[in-house]
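J.: Sequence:
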Amino acid sequence: MTPDEVMSEYAVGDGEKGLLTLLSNNQLVMVSRQKIERDVRSAIAMLDRQNYDVILLLSSEQLTGFTTHHAILLEPQRIIPPLVASIVDGHQVGVIVPVEEIMPMQRQKWLSLEKSPYYALANPFTGSDSELLTAGKTLLEQGADVLVLDCLGYYQHHRDVLQKALDVPVLLSNVLVSRLAAELLV
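No gaps in the numbering here: position 116 of the sequence shown is 116 in our numbering, and each next residue is one more.
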């Protein structure tokens, strides 16, 4: 879909909640959460009817109302926080996210951590490695000893930049869930 088609089809209507999304032209916009959930629900049902074994939802937002009858549905927002909490038990986490607008969702997401995480911003789409390193250094100065890159836009390159320069463990949330999905594939 073109950005104009997305905005026409998924415009936030009266009484609907907004969902922040990045369009193919790198424009950050608000779309209707209800319309997105409706269409994702439809796509999941179609894939389930086609007898797929595993369906991996790639979203860093907390979307709801999805079920399957046959397939295993992997929802990152249900998997990543408890998985990270079990990995970093007792450590201070620093979470790097792309934009300020998702901070309320991020604060809710990481409530399962033993210690409240610290947060910093570094946009993987428009930012530089230097900005990423600044975010990482800021988190380490605040006391973080493990970093989490929590956006589908972060890649292995971003993880490697931080680990090499800062000598700190870095978890890439999308890699954690994709490795779990790979274990379920036959």
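For the record, the hints were derived by calculation from the structure and aren't laboratory data. None of these values were measured; they are calculated from a predicted model. Even glycine gets a Cβ: it sits at the ideal position worked out from N, Cα and C. One thing to keep in mind: the hints can contain errors.
Derived CB-CB ranges, DEER-like [as the list claims (entries may be wrong)]: (1) Thr134 <-> Arg38: 33 to 41 Å; (2) His70 <-> Thr134: 40 to 48 Å; (3) Ala45 <-> Lys137: 40 to 48 Å; (4) Ala11 <-> Phe66: 33 to 41 Å; (5) Asp129 <-> Phe66: 32 to 40 Å; (6) Glu9 <-> Lys115: 40 to 48 Å.
Derived DMTMM-like pairs (lysine to aspartate or glutamate); straight-line CA-CA distance at most 20 Å [to be verified]: (7) Lys35 <-> Asp14; (8) Lys164 <-> Glu131; (9) Lys17 <-> Glu37; (10) Lys35 <-> Asp89; (11) Lys137 <-> Glu183; (12) Lys17 <-> Asp39; (13) Lys115 <-> Glu131; (14) Lys17 <-> Glu101; (15) Lys115 <-> Asp89; (16) Lys137 <-> Asp160; (17) Lys115 <-> Asp129; (18) Lys17 <-> Glu61; (19) Lys164 <-> Glu141; (20) Lys137 <-> Asp167; (21) Lys35 <-> Glu75; (22) Lys35 <-> Asp53; (23) Lys164 <-> Glu183; (24) Lys115 <-> Glu75; (25) Lys164 <-> Asp129; (26) Lys17 <-> Asp48; (27) Lys35 <-> Glu61; (28) Lys17 <-> Asp89.
J.: Now, for every hint given, state plainly whether the structure supports it.
T.: Hint-by-hint comparison with the structure:
no. : hint                         : in the structure
1   : Thr134 <-> Arg38: 33 to 41 Å : holds (40 Å)
2   : His70 <-> Thr134: 40 to 48 Å : holds (46 Å)
3   : Ala45 <-> Lys137: 40 to 48 Å : holds (45 Å)
4   : Ala11 <-> Phe66: 33 to 41 Å  : violated (23 Å)
5   : Asp129 <-> Phe66: 32 to 40 Å : holds (36 Å)
6   : Glu9 <-> Lys115: 40 to 48 Å  : holds (42 Å)
7   : Lys35 <-> Asp14              : holds (12 Å)
8   : Lys164 <-> Glu131            : holds (15 Å)
9   : Lys17 <-> Glu37              : holds (11 Å)
10  : Lys35 <-> Asp89              : violated (37 Å)
11  : Lys137 <-> Glu183            : violated (34 Å)
12  : Lys17 <-> Asp39              : holds (15 Å)
13  : Lys115 <-> Glu131            : violated (25 Å)
14  : Lys17 <-> Glu101             : holds (14 Å)
15  : Lys115 <-> Asp89             : holds (9 Å)
16  : Lys137 <-> Asp160            : holds (14 Å)
17  : Lys115 <-> Asp129            : violated (27 Å)
18  : Lys17 <-> Glu61              : holds (13 Å)
19  : Lys164 <-> Glu141            : holds (17 Å)
20  : Lys137 <-> Asp167            : holds (11 Å)
21  : Lys35 <-> Glu75              : holds (18 Å)
22  : Lys35 <-> Asp53              : violated (26 Å)
23  : Lys164 <-> Glu183            : violated (28 Å)
24  : Lys115 <-> Glu75             : violated (24 Å)
25  : Lys164 <-> Asp129            : holds (12 Å)
26  : Lys17 <-> Asp48              : violated (27 Å)
27  : Lys35 <-> Glu61              : holds (14 Å)
28  : Lys17 <-> Asp89              : violated (34 Å)
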